[in-house]
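Visitor: If you want the building blocks of each chain, they are given just below.
2 protein chains.
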Amino acid sequence: MARSASLSGYLELLPEERLVELHVLDTLRQVFESHGFASIESRAVETMETLLGKGEVDKEVYAVSRIHADDAAKESKLALHFDLTVPFARYVVENAGYLAFPFRRYQIQKVWRGERPQAGRFREFTQADVDIVGDGALPFRADVELAVVIARALEALKIGDFQLRINNRKLSQGFYTALGLQDAPAVLRIVDKLEKIGADRVKQELAETLGATAEQSAAALALAQIRTEDVSFADKVRALVPGEAPTELMEEGLAELTEVISALNERVPGRAVADLSIARGLDYYTGTVYETVLFGHESLGSICSGGRYESLATKGKKTYPGVGLSIGVTRLVSALIGSGALSASRSVPAAVYVTLRSDADWSAAEDVADQLRARGISAEVAFSAEKFGKQIKYADRRGIPFVWFTDDEGRHQVKDIRTGDQVDADPAAWTPAPEDLAPRIIGNTDAA
Amino acid sequence: MARSASLSGYLELLPEERLVELHVLDTLRQVFESHGFASIESRAVETMETLLGKGEVDKEVYAVSRIHADDAAKESKLALHFDLTVPFARYVVENAGYLAFPFRRYQIQKVWRGERPQAGRFREFTQADVDIVGDGALPFRADVELAVVIARALEALKIGDFQLRINNRKLSQGFYTALGLQDAPAVLRIVDKLEKIGADRVKQELAETLGATAEQSAAALALAQIRTEDVSFADKVRALVPGEAPTELMEEGLAELTEVISALNERVPGRAVADLSIARGLDYYTGTVYETVLFGHESLGSICSGGRYESLATKGKKTYPGVGLSIGVTRLVSALIGSGALSASRSVPAAVYVTLRSDADWSAAEDVADQLRARGISAEVAFSAEKFGKQIKYADRRGIPFVWFTDDEGRHQVKDIRTGDQVDADPAAWTPAPEDLAPRIIGNTDAA
Chain V
1 MARSASLSGY
11 LELLPEERLV
21 ELHVLDTLRQ
31 VFESHGFASI
41 ESRAVETMET
51 LLGKGEVDKE
61 VYAVSRIHAD
71 DAAKESKLAL
81 HFDLTVPFAR
91 YVVENAGYLA
101 FPFRRYQIQK
111 VWRGERPQAG
121 RFREFTQADV
131 DIVGDGALPF
141 RADVELAVVI
151 ARALEALKIG
161 DFQLRINNRK
171 LSQGFYTALG
181 LQDAPAVLRI
191 VDKLEKIGAD
201 RVKQELAETL
211 GATAEQSAAA
221 LALAQIRTED
231 VSFADKVRAL
241 VPGEAPTELM
251 EEGLAELTEV
261 ISALNERVPG
271 RAVADLSIAR
281 GLDYYTGTVY
291 ETVLFGHESL
301 GSICSGGRYE
311 SLATKGKKTY
321 PGVGLSIGVT
331 RLVSALIGSG
341 ALSASRSVPA
351 AVYVTLRSDA
361 DWSAAEDVAD
371 QLRARGISAE
381 VAFSAEKFGK
391 QIKYADRRGI
401 PFVWFTDDEG
411 RHQVKDIRTG
421 DQVDADPAAW
431 TPAPEDLAPR
441 IIGNTDAA
Chain R
1 MARSASLSGY
11 LELLPEERLV
21 ELHVLDTLRQ
31 VFESHGFASI
41 ESRAVETMET
51 LLGKGEVDKE
61 VYAVSRIHAD
71 DAAKESKLAL
81 HFDLTVPFAR
91 YVVENAGYLA
101 FPFRRYQIQK
111 VWRGERPQAG
121 RFREFTQADV
131 DIVGDGALPF
141 RADVELAVVI
151 ARALEALKIG
161 DFQLRINNRK
171 LSQGFYTALG
181 LQDAPAVLRI
191 VDKLEKIGAD
201 RVKQELAETL
211 GATAEQSAAA
221 LALAQIRTED
231 VSFADKVRAL
241 VPGEAPTELM
251 EEGLAELTEV
261 ISALNERVPG
271 RAVADLSIAR
281 GLDYYTGTVY
291 ETVLFGHESL
301 GSICSGGRYE
311 SLATKGKKTY
321 PGVGLSIGVT
331 RLVSALIGSG
341 ALSASRSVPA
351 AVYVTLRSDA
361 DWSAAEDVAD
371 QLRARGISAE
381 VAFSAEKFGK
391 QIKYADRRGI
401 PFVWFTDDEG
411 RHQVKDIRTG
421 DQVDADPAAW
431 TPAPEDLAPR
441 IIGNTDAA
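For the protein sequence lines, the chains are V and R, in the order given. Under the UniProt record's numbering, the residue at position 399 of the first sequence is numbered 399, and the numbers go up by one with no gaps. Under the UniProt record's numbering, the residue at position 180 of the second sequence is numbered 180, and the numbers go up by one with no gaps.
No lab work stands behind these hints, which were simulated from the structure alone. It is possible that some hints are incorrect.
Each pair may be met inside one copy or between any two copies, as identical chains are not told apart.
[As the list claims (entries may be wrong)] Each computed BS3-like pair below joins lysine-lysine, with the alpha-carbon atoms no more than 27 Å apart: (1) K318 / K390; (2) K315 / K193; (3) K196 / K236; (4) K317 / K390; (5) K158 / K110; (6) K315 / K196; (7) K387 / K318; (8) K393 / K110; (9) K315 / K158; (10) K393 / K318; (11) K77 / K110; (12) K236 / K193; (13) K236 / K110; (14) K393 / K203; (15) K196 / K158; (16) K236 / K203; (17) K193 / K203; (18) K315 / K77.
Same shape as in the complex, but just chain V:
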């Protein structure tokens, strides 16, 4: 990606780069579907009220308006969606009568955020979301399953070593309450800045904003430093809380996090840690929260994040609690391409370039190509009967590995233009080596 985008923050891929993205999208789709997730898409626009009612990204929203709106007053104010969770919640509420719950869906679409563009941050990007939503209730096991599905999906991408970092909002909130800090969301927001501003300033803010004592601040910071691959985090948390404190909510969170970590250790060993510093910015999470680090690409931040939400989707007294995870595909793909971690073996689908002896042979050449296509071999036919050398050069320049010749007697030959080998071939039977059939995605996990 030597080119720079003609519009800042908007990435456009070259054909060979797009193949890497397609590999990622196809793989995710395959894994999601194999676990029973159905595809949906939602419209790109939402009413401004829907968007601004949720989340915290109001300043990043792109408004949309018809430039010649003659009935502006009658139309709702619209904006491009900035994630796929809020639109999905609306979709579920609107279509609840037509869906079977628990409803499992994946959704792979562009989203838009008017953030200041910078390296790896885009104003338009593709997200791949998986969510499970229940009608009124959703078993906690959904939180476990979703983490397993995402771990399997990331493994299938062959992008190198990664780790899910998991926490639980009930645990944090219960813990702060047990410490005597009543405004748990405020504590979360301040402690979440730990990496940015450091421990001293976090303590200072906790004291100034919430009146926290030195002991409370120390305990809050100690919590954020707990990170275990097994379930030993639970006892470490309990050791930080005064013996007489009420800990019901905290224990609920500890039990949930224990269940997730145990199950992941069994089903996808080495892919998850309990990391009690994970907070996730969005207000709607109520239990499990997930982030994911891709080793060697730590500067990307979390490549896959999400959590449990109890009341994002509601209609009157009805609620549709859910749990979801979202992969930031564009940021991931652009990093993997940029570092050379993933690349395509060629930029065009065609495996065979069928040459022309004379312009009148075009239809016969298309017959050859159709026989190949019918057997899953992508083929392109020359437009005109230029000198063979020129036709071969054309195929070579485009990265098409094989060139097909038919002589006056109808005898067919195929040439591998990389080796120069030329052999007799039958259009109804000849098949390239599997690695030459379609563009392959080549992983180089050493590149980081």
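Following the hints, complete the assembly by docking chain R onto the known chain V.
Guide: Same frame as chain V, now just chain R:
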């Protein structure tokens, strides 16, 4: 589709409807790739200048702006693209140095038009485009090949009988000039209204606007009534022109149209007619123009349209002539779903629902599911060990055809909940019938 959209003009599909759309998109992708077309995507937004410089849809453009744009003055005015041709032309010019020409690409994306919503017209819809673009020149054979590719793609969709209707701008323009009507684009625009306003008013407008004589008007209308499945249109056209008229451009158009129609009659018999009434509104077409009618769905208008453009993509003295066709996927899919012409055999990917005897069996049940998934069989595991009757009912309600049981001794059985048949099964070997493996798309071409 009993539901009505919550936002007028914005279609959202239910999971089983989305499967029909995915079938269409996957099939198009497969056919396009088998003919050597590479995938690209362009950003959803273009600068206003790029969009308004081309085409004729300015009043339909959706402007996009950050709601808190602090640097509005410095940012280009942006709008959502209304087709994929104009963005593709920009992409080609910007990336010409990185592309191998003739460049063949397909592009399947959403586009937006602020048109007044009505039945079958949407403000957001998916287009599937194929184009071939040359550097400086593009052989006419590209026009032939593209029509063949689209015919093959539409055949692969199994949506019933269709016909490409093809004309040539050089032919029409040369013909009008030969008649002595110099402003050929104006004649085209007026004759294009034939179906809407009738022959008398077309004659009247030709006379009033362009000063056409009765003979000229009659000849112009006669041209628009020529429609032949073979190449006999050429002599019919020549018969309408005074013997002494200069007809060089017209003959060029006749030769091109003859080549397209001959080739299509040979390669995809019955799929194309020369229809000299086809004009296509967009100004940038310069030669071949295509429309496509789907029989039984004539009210949809053209389901696939396009043409040859010589100078859509230009940079300084460099031009990238191209030829392209675009399928209006959303309108087509919504009509095919609405009429029952295409439907999905079930709404969920899962073929097997793995039940739980006890909550502690979840991981063992996931092991069973993983063995199935590894062999391409989508499987879902119950969240909790409810009564078997309830678990079966759950699978049934979601349309999952098979339910899996494992007893205390680890003996596996699988039940077809449609027939009630229950048999011993090995998770490493059992396979459903091919028609039950994944949701199938069922065609009913009688439905129109």
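Visitor: Are the hints correct? Go through all of them and say.
Guide: Hints and how they fare:
For a Cα distance limit of 27 Å, the shortest separation of K318 from K390 across copies, 23 Å, qualifies, whereas the shortest one inside one copy, 69 Å, does not. In this assembly of identical chains, the alpha carbons of K315 and K193 never lie at most 27 Å apart, being 34 Å within a copy and 49 Å across copies at closest. Proximity of K196 to K236 under the C-alpha cut-off of 27 Å is restricted to the intra-copy arrangement: shortest distance 25 Å within a copy versus 78 Å between copies. When the C-alpha separation of K317 and K390 is checked against a cutoff of 27 Å, the pair qualifies only between copies, where the shortest distance is 25 Å, while the shortest distance within a copy is 72 Å.
In the homo-oligomer, the alpha carbons of K158 and K110 lie at most 27 Å apart inside one protomer (23 Å), although the nearest pairing across protomers, at 29 Å, exceeds that limit. When the C-alpha separation of K315 and K196 is checked against a cutoff of 27 Å, the pair qualifies neither within a copy, at 38 Å, nor between copies, at 46 Å. Taking the shortest alpha-carbon separations for K387 and K318, only the inter-copy value of 26 Å comes in at or below 27 Å, while the best intra-copy value is 72 Å. Proximity of K393 to K110 under the C-alpha cut-off of 27 Å is found in neither arrangement, the shortest distances being 38 Å within a copy and 36 Å between copies.
When the C-alpha separation of K315 and K158 is checked against a cutoff of 27 Å, the pair qualifies neither within a copy, at 41 Å, nor between copies, at 40 Å. For a Cα distance limit of 27 Å, the shortest separation of K393 from K318 across copies, 23 Å, qualifies, whereas the shortest one inside one copy, 65 Å, does not. For a Cα distance limit of 27 Å, the shortest separation of K77 from K110 qualifies both inside one copy, at 20 Å, and across copies, at 20 Å. Taking the closest pair of Cα atoms, K236 and K193 come within 27 Å of each other only inside a single copy of the chain (22 Å); across copies the shortest separation is 79 Å, beyond that limit.
Proximity of K236 and K110 under a CA criterion of 27 Å is satisfied in neither setting, with 41 Å inside one chain copy and 51 Å between copies. Taking the shortest alpha-carbon separations for K393 and K203, neither the intra-copy value of 68 Å nor the inter-copy value of 54 Å comes in at or below 27 Å. Within a single copy, K196 and K158 get their C-alpha atoms no closer than 31 Å, and across copies no closer than 57 Å, so neither meets the 27 Å cut-off. In the homo-oligomer, the alpha carbons of K236 and K203 lie at most 27 Å apart inside one protomer (21 Å), although the nearest pairing across protomers, at 90 Å, exceeds that limit.
Taking identical chains as interchangeable, the C-alpha atoms of K193 and K203 lie at most 27 Å apart only when both belong to the same chain, with a minimum of 11 Å there against 75 Å between chains. In this assembly of identical chains, the alpha carbons of K315 and K77 lie at most 27 Å apart only when taken from the same copy (21 Å versus 38 Å across copies).
Checked against the numbered hints listed earlier, the structure breaks hints 2, 6, 8, 9, 13, 14, 15; every other hint is satisfied.
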